[in-house]
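Trainee: Protein sequences, first through last, are from chains A and B. Residue numbers for the first sequence follow the working numbering, beginning at 1 and rising by one. Residue numbers for the second sequence follow the working numbering, beginning at 1 and rising by one.
Keep in mind that the hints were calculated from the coordinates and are not lab data. Note that the coordinates shown come from a computational prediction; the quantities given were computed from them, not determined experimentally. Where a beta carbon is used, it is the ideal one built from N, C-alpha and C, also for glycine. Be a bit skeptical, because a hint or two may be false.
[Stated by the list, open to error] Once the Cα atoms are required to be at most 30 Å apart in a straight line, the calculated DSBU-like pairs of lysine-lysine come out as:
| no. | chain 1 | residue 1 | chain 2 | residue 2 |
| --- | --- | --- | --- | --- |
| 1 | B | K258 | A | K12 |
| 2 | B | K258 | B | K176 |
| 3 | B | K176 | A | K40 |
| 4 | A | K9 | A | K79 |
| 5 | A | K12 | A | K90 |
| 6 | A | K9 | A | K90 |
| 7 | A | K40 | A | K79 |
| 8 | A | K90 | A | K79 |
| 9 | B | K115 | B | K176 |
| 10 | B | K382 | B | K182 |
| 11 | A | K40 | A | K12 |
| 12 | A | K2 | A | K79 |
| 13 | A | K40 | A | K90 |
| 14 | A | K9 | B | K258 |
| 15 | A | K9 | A | K40 |
| 16 | A | K9 | B | K115 |
| 17 | B | K258 | A | K40 |
| 18 | B | K182 | A | K40 |
[Claimed, not checked] The following label-pair restraints were derived from C-beta to C-beta distances:
| no. | chain 1 | residue 1 | chain 2 | residue 2 | range |
| --- | --- | --- | --- | --- | --- |
| 19 | B | A13 | A | Q82 | 54 to 60 Å |
| 20 | B | F234 | A | G84 | 52 to 58 Å |
| 21 | A | R103 | B | K182 | 48 to 54 Å |
[As the list claims (entries may be wrong)] Anything over 12 Å on all C-beta distances counts as not near chain B; from chain A, calculated:
| no. | residue |
| --- | --- |
| 22 | E21 |
| 23 | G24 |
| 24 | V45 |
| 25 | G48 |
| 26 | D67 |
| 27 | V78 |
| 28 | G84 |
| 29 | V93 |
| 30 | S94 |
| 31 | R101 |
| 32 | T104 |
| 33 | G105 |
| 34 | R107 |
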Amino acid sequence: MKLVTAVIKPHKWEDVREALETFGVTGMTVSEVSGYGRQKGHTEVYRGAEYDIALVPKIRIEIVVDDNDAEDVVGIIVKTAQTGRIGDGKVWVSPVETVVRVRTGDRDAEAL
Amino acid sequence: MAGYYAWMLVATALVLMMTTPALALFYGGMSRSKSVLNMMMMSYVALGVVGIVYVLWGWSMTFGENEAGGLFGNPFEMFALDGVGWDAYIGVVFQLTFAVITAALISGAIADRVKLSAWVVFLPLWVTLSYFPIAHMVWGGGFIAEHLAAQDYAGGTVVHINAGVAGLVLAVLIGKRIGFGKEPMRPHNLTLTMIGAGLLWFGWYGFNVGSIVLAGDSEEANTAQFMSETGLTFLNTTIATCAAMLGWLLVERLMHGKATTLGAASGIVAGLVAITPSCGAVNLLGAVAIGVIAGAVCAWAVGLKYRFGLDDSLDVVGVHLVGGLLGTLLIGFFATTEHAAATENGLFYGGGLTSLGHQAGAAAIAIAWSAVMTLIIGLAIKYTLGWRVSAEAEVEGIDYDQHGETAYDLHTSVSGAVSSGVVAASTAPVAATEGANA
Numbered sequence: 001m002k003l004v005t006a007v008i009k010p011h012k013w014e015d016v017r018e019a020l021e022t023f024g025v026t027g028m029t030v031s032e033v034s035g036y037g038r039q040k041g042h043t044e045v046y047r048g049a050e051y052d053i054a055l056v057p058k059i060r061i062e063i064v065v066d067d068n069d070a071e072d073v074v075g076i077i078v079k080t081a082q083t084g085r086i087g088d089g090k091v092w093v094s095p096v097e098t099v100v101r102v103r104t105g106d107r108d109a110e111a112l
Numbered sequence: 001m002a003g004y005y006a007w008m009l010v011a012t013a014l015v016l017m018m019t020t021p022a023l024a025l026f027y028g029g030m031s032r033s034k035s036v037l038n039m040m041m042m043s044y045v046a047l048g049v050v051g052i053v054y055v056l057w058g059w060s061m062t063f064g065e066n067e068a069g070g071l072f073g074n075p076f077e078m079f080a081l082d083g084v085g086w087d088a089y090i091g092v093v094f095q096l097t098f099a100v101i102t103a104a105l106i107s108g109a110i111a112d113r114v115k116l117s118a119w120v121v122f123l124p125l126w127v128t129l130s131y132f133p134i135a136h137m138v139w140g141g142g143f144i145a146e147h148l149a150a151q152d153y154a155g156g157t158v159v160h161i162n163a164g165v166a167g168l169v170l171a172v173l174i175g176k177r178i179g180f181g182k183e184p185m186r187p188h189n190l191t192l193t194m195i196g197a198g199l200l201w202f203g204w205y206g207f208n209v210g211s212i213v214l215a216g217d218s219e220e221a222n223t224a225q226f227m228s229e230t231g232l233t234f235l236n237t238t239i240a241t242c243a244a245m246l247g248w249l250l251v252e253r254l255m256h257g258k259a260t261t262l263g264a265a266s267g268i269v270a271g272l273v274a275i276t277p278s279c280g281a282v283n284l285l286g287a288v289a290i291g292v293i294a295g296a297v298c299a300w301a302v303g304l305k306y307r308f309g310l311d312d313s314l315d316v317v318g319v320h321l322v323g324g325l326l327g328t329l330l331i332g333f334f335a336t337t338e339h340a341a342a343t344e345n346g347l348f349y350g351g352g353l354t355s356l357g358h359q360a361g362a363a364a365i366a367i368a369w370s371a372v373m374t375l376i377i378g379l380a381i382k383y384t385l386g387w388r389v390s391a392e393a394e395v396e397g398i399d400y401d402q403h404g405e406t407a408y409d410l411h412t413s414v415s416g417a418v419s420s421g422v423v424a425a426s427t428a429p430v431a432a433t434e435g436a437n438a
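With the hints as constraints, model all of the structure from the sequences given.
Mentor: Structure (structure tokens):
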């Protein structure tokens, strides 16, 4: 199994969720996060004083999937979340050793 | 003139609302989330302290008999309102609310870093040595009224120049907040600031329109004056403020690319400040001109503090001193006796430079008096009680240090304020339980 983690622009979140659901992803964990990458935040002006706001709001999606589905899920996220402008985000995949469904005690593929 | 007394009851309550809650909201929203309660408390405490002081010797020092050549009134003549008739009480409370807001205005210059005890000591000393004397000189038949005939309808010199200069002196004396100019200190809740600015505007009708002084020698004359002059000051207060808001937004749009909500709120206050001394002295055209000039100039002036490294945190100098000076001096250009209640014409209405000279003289006296008195009080507190909270308390949040409270119980992702919020939330209930067991 793989853990797919994606950090994307907040306004793309609804599109990404819809595309993933259409593909057959049944659940995910989503959090509102802040951070920065190459775009380095943004500037706000208050009474003429410019402030560099380092952290910009992002959405983080975490999905545990079967090994075979990982590439497809990554592809869907990248295709849907892409605007082509700086600050679109990142997606990464990491191995998962085991998964347990708390309600039943099912393990691994059964638990997804 | 039952109508006049009814109006003064309303006007007095309106001006009281300008300090609590309007100014507290306006300033509170602009401060950081870890110091918003302290910021609001400075206004509320100003009301408590100055309110008591005013009835003890404030009224007497303002409207008592000339002392020292008209520099202040005799504080003992009407001490604790001795000999003041019931029918004058509403006038006393109306004036009380002016002293309160003037003192409260200063707090914006020294936000986030001053001990409540120092503020409580400063308040009675400052109104006694700076506010009451200047109010006496301008409105109580004192020095400026007698020798300069300067026009100040509702407090350009007494309130705004006075508070602005005091803010400047204290900001220099007390010093910058830790991290000023290096880390962002942006307003934490501009919705509060917008509400505060709107309420200030509403309350300002009490402030300006309530400042009418009936001068007729008959009931009919007073009624005629009341009906025309209140309309004039109400209209001018409205139109100048509209123009100032637009002026500020325009300058922002040109200089920084965006028209901001903070700019709208600030433009409103700048316009109200500038039309305060001039609302009875100018016609519609003058009101528009004063508004636009005040909005545009103040929008530019608030940026100057970064050049001088001055942490006038919420721009008391840039808005109240600059706006108050503009309103006071522009009377010298726009005052008209024909279509407004001016006592002498300005430069544009055939009055030559006489009025401008009078206005500049009054402004200069107010600046000098306020600067000297504030410096003396400020230094005295600095070398006895001390002004500032500890560096640790300032960084972690003055709210918890001075009041044992934090304003918000919110979980946000990442911000400097979160850590102090969490600490306070977990320690406060424990302390309360221990107290209950003991």
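Trainee: Work down the list of hints and note, for each, if the structure agrees.
Mentor: Quick rundown of the hints versus the structure:
1. K258(B) to K12(A): Holds - the C-alpha atoms of K12(A) and K258(B) are around 25 Å apart, at most 30 Å.
2. K258(B) to K176(B): holds, 28 Å
3. K176(B) to K40(A): holds, 28 Å
4. K9(A) to K79(A): holds, 13 Å
5. K12(A) to K90(A): holds, 13 Å
6. K9(A) to K90(A): holds, 10 Å
7. K40(A) to K79(A): OK: K40(A) and K79(A) at ~23 Å, within 30 Å.
8. K90(A) to K79(A): OK: K90(A) and K79(A) at ~12 Å, within 30 Å.
9. K115(B) to K176(B): holds, 15 Å
10. K382(B) to K182(B): holds, 25 Å
11. K40(A) to K12(A): holds, 19 Å
12. K2(A) to K79(A): holds, 19 Å
13. K40(A) to K90(A): Measuring from Cα to Cα gives roughly 15 Å; hence the hint holds.
14. K9(A) to K258(B): holds, 23 Å
15. K9(A) to K40(A): holds, 14 Å
16. K9(A) to K115(B): violated, 43 Å
17. K258(B) to K40(A): holds, 21 Å
18. K182(B) to K40(A): holds, 17 Å
19. A13(B) to Q82(A): 54 to 60 Å: holds, 59 Å
20. F234(B) to G84(A): 52 to 58 Å: holds, 55 Å
21. R103(A) to K182(B): 48 to 54 Å: holds, 51 Å
22. E21: The assertion about E21(A) holds, with a minimum of 26 Å to chain B.
23. G24: Answer for G24(A): holds, closest chain B Cβ roughly 30 Å.
24. V45: Violated: least Cβ distance 5 Å, not greater than 12 Å.
25. G48: Given that some Cβ of chain B is not farther than 12 Å from that of G48(A), nearest at about 4 Å, it is violated.
26. D67: Per Cβ check, D67(A) is outside 12 Å of chain B; nearest 32 Å; holds.
27. V78: holds, 24 Å
28. G84: Its Cβ never comes within 12 Å of chain B, the nearest being 24 Å, so this holds.
29. V93: The assertion about V93(A) holds, with a minimum of 24 Å to chain B.
30. S94: It holds; S94(A) is separated from chain B by about 22 Å at its closest Cβ, greater than 12 Å.
31. R101: holds, 28 Å
32. T104: holds, 31 Å
33. G105: Since the minimum Cβ distance to chain B is about 32 Å, G105(A) lies beyond 12 Å and the statement holds.
34. R107: Fine: 33 Å to the nearest Cβ keeps R107(A) off the interface.
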